[in-house]
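Visitor: Spelled out from the first residue to the last, the chains are:
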Amino acid sequence: DTGVSQNPRHKITKRGQNVTFRCDPISEHNRLYWYRQTLGQGPEFLTYFQNEAQLEKSRLLSDRFSAERPKGSFSTLEIQRTEQGDSAMYLCASSLPHRGLFNEKLFFGSGTQLSVL
Amino acid sequence: DQQVKQNSPSLSVQEGRISILNCDYTNSMFDYFLWYKKYPAEGPTFLISISSIKDKNEDGRFTVFLNKSAKHLSLHIVPSQPGDSAVYFCAALTTSGTYKYIFGTGTRLKVLA
Numbered sequence: 001d002t003g004v005s006q007n008p009r010h011k012i013t014k015r016g017q018n019v020t021f022r023c024d025p026i027s028e029h030n031r032l033y034w035y036r037q038t039l040g041q042g043p044e045f046l047t048y049f050q051n052e053a054q055l056e057k058s059r060l061l062s063d064r065f066s067a068e069r070p071k072g073s074f075s076t077l078e079i080q081r082t083e084q085g086d087s088a089m090y091l092c093a094s095s096l097p098h099r100g101l102f103n104e105k106l107f108f109g110s111g112t113q114l115s116v117l
Numbered sequence: 001d002q003q004v005k006q007n008s009p010s011l012s013v014q015e016g017r018i019s020i021l022n023c024d025y026t027n028s029m030f031d032y033f034l035w036y037k038k039y040p041a042e043g044p045t046f047l048i049s050i051s052s053i054k055d056k057n058e059d060g061r062f063t064v065f066l067n068k069s070a071k072h073l074s075l076h077i078v079p080s081q082p083g084d085s086a087v088y089f090c091a092a093l094t095t096s097g098t099y100k101y102i103f104g105t106g107t108r109l110k111v112l113a
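Residue numbers (the numbering used here), protein chains in the order written: chain W, 1 to 117; chain C, 1 to 113.
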């Protein structure tokens, strides 16, 4: 169990540029989540995959955001034409297949801190 | 529409005393609740959870209480230690739904030595 891995840890970009983040979940975790966190707020749900299927996407997410999880393994989150309001910590989390109510939990990566100048 | 609320942004407690962090929710469909702890520049880490079929769950120094009628849960840390200083988030989900975790805004706990 090597944990959830996210790359890069930090990204500084200019407004209008595209950025892509990668998340490698814990092996055998079939569910993968993306969250965004800004200062003073809790993690805000962006999207969620079960295997390669994207099951839900937040209505708060504009069309500039897209996520993929090819083959149900790693996932990428792309933000096109970045805006200063996109500056945040982007968190990835994964979870085992549901095996009983009392084992349900998310395992988070360390996040990617995005700064849009 | 904030479905999970933590109304206390911060809390200071003396070392050795009890820390009580509170969380309220509005969605009656939530049936599973969790507490996470977060240090700066790290992702949240799981602390403890509780199903709606229980009203208390204990793990070492951490106890979570659930009051379904009041739609309220609390995390008790006894005794509090300086290493407990962090931001604490409660989260809720509906296990019969899409397993979307909804997080509160967090409470920053500072344990004073």
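Don't read these hints as lab results, they were simulated from the structure. As the structure is a prediction and not an experimental result, all values here were calculated from the model. Worth double-checking, as some hints may not be accurate.
[As the list claims (entries may be wrong)] Which residues of chain C face chain W? A partial, calculated answer using Cβ under 7 angstroms:
hint : residue
1    : Tyr39
2    : Pro40
3    : Glu42
4    : Phe62
5    : Phe65
6    : Ser85
7    : Phe89
8    : Thr94
9    : Gly97
10   : Lys100
11   : Tyr101
12   : Gly104
13   : Gly106
[To be verified] Okay, derived cross-link-like pairs now, DSS-like style, lysine-lysine, Cα gap no bigger than 25 angstroms in a straight line:
hint : chain 1 : residue 1 : chain 2 : residue 2
14   : W       : Lys105    : C       : Lys100
15   : W       : Lys105    : C       : Lys71
16   : C       : Lys56     : W       : Lys71
17   : W       : Lys57     : C       : Lys68
18   : W       : Lys71     : W       : Lys57
19   : W       : Lys105    : C       : Lys56
20   : W       : Lys14     : C       : Lys54
21   : C       : Lys110    : C       : Lys5
22   : C       : Lys110    : W       : Lys71
23   : W       : Lys57     : C       : Lys5
24   : C       : Lys68     : W       : Lys105
25   : W       : Lys14     : W       : Lys71
26   : C       : Lys37     : W       : Lys105
27   : C       : Lys110    : C       : Lys68
28   : C       : Lys54     : C       : Lys5
All C-beta atoms, glycine included, are put in the ideal place defined by N, C-alpha and C.
Visitor: Hint by hint, say whether it matches the structure.
Guide: Hints and how they fare:
1. Tyr39: violated (10 angstroms)
2. Pro40: This interface hint is violated because 10 angstroms lies over the 7 angstroms limit.
3. Glu42: Nearest chain W Cβ about 6 angstroms off; hint holds.
4. Phe62: violated (14 angstroms)
5. Phe65: Violated, because the Cβ-Cβ distance from Phe65(C) to chain W comes to roughly 17 angstroms (cut-off 7 angstroms).
6. Ser85: violated (17 angstroms)
7. Phe89: holds (5 angstroms)
8. Thr94: violated (11 angstroms)
9. Gly97: Because about 9 angstroms separates Gly97(C) from the closest Cβ in chain W, which is outside the 7 angstroms limit, the hint is violated.
10. Lys100: holds (6 angstroms)
11. Tyr101: holds (6 angstroms)
12. Gly104: holds (5 angstroms)
13. Gly106: It holds, given that the least Cβ distance between Gly106(C) and chain W is near 5 angstroms, below 7 angstroms.
14. Lys105(W) to Lys100(C): holds (11 angstroms)
15. Lys105(W) to Lys71(C): holds (20 angstroms)
16. Lys56(C) to Lys71(W): The given pair, whose Cα atoms are some 40 angstroms apart, is violated under the 25 angstroms limit.
17. Lys57(W) to Lys68(C): violated (28 angstroms)
18. Lys71(W) to Lys57(W): holds (19 angstroms)
19. Lys105(W) to Lys56(C): The hint holds at about 17 angstroms.
20. Lys14(W) to Lys54(C): Status violated; Cα separation ~50 angstroms.
21. Lys110(C) to Lys5(C): Status holds; Cα separation ~20 angstroms.
22. Lys110(C) to Lys71(W): Given pair Lys110(C), Lys71(W) is violated - Cα atoms ~43 angstroms apart, limit 25 angstroms.
23. Lys57(W) to Lys5(C): Holds: Lys57(W) and Lys5(C) sit about 22 angstroms apart, inside 25 angstroms.
24. Lys68(C) to Lys105(W): At roughly 20 angstroms apart (the allowed maximum being 25 angstroms), Lys105(W) and Lys68(C) satisfy the hint.
25. Lys14(W) to Lys71(W): violated (32 angstroms)
26. Lys37(C) to Lys105(W): holds (13 angstroms)
27. Lys110(C) to Lys68(C): violated (28 angstroms)
28. Lys54(C) to Lys5(C): The hint holds at about 21 angstroms.
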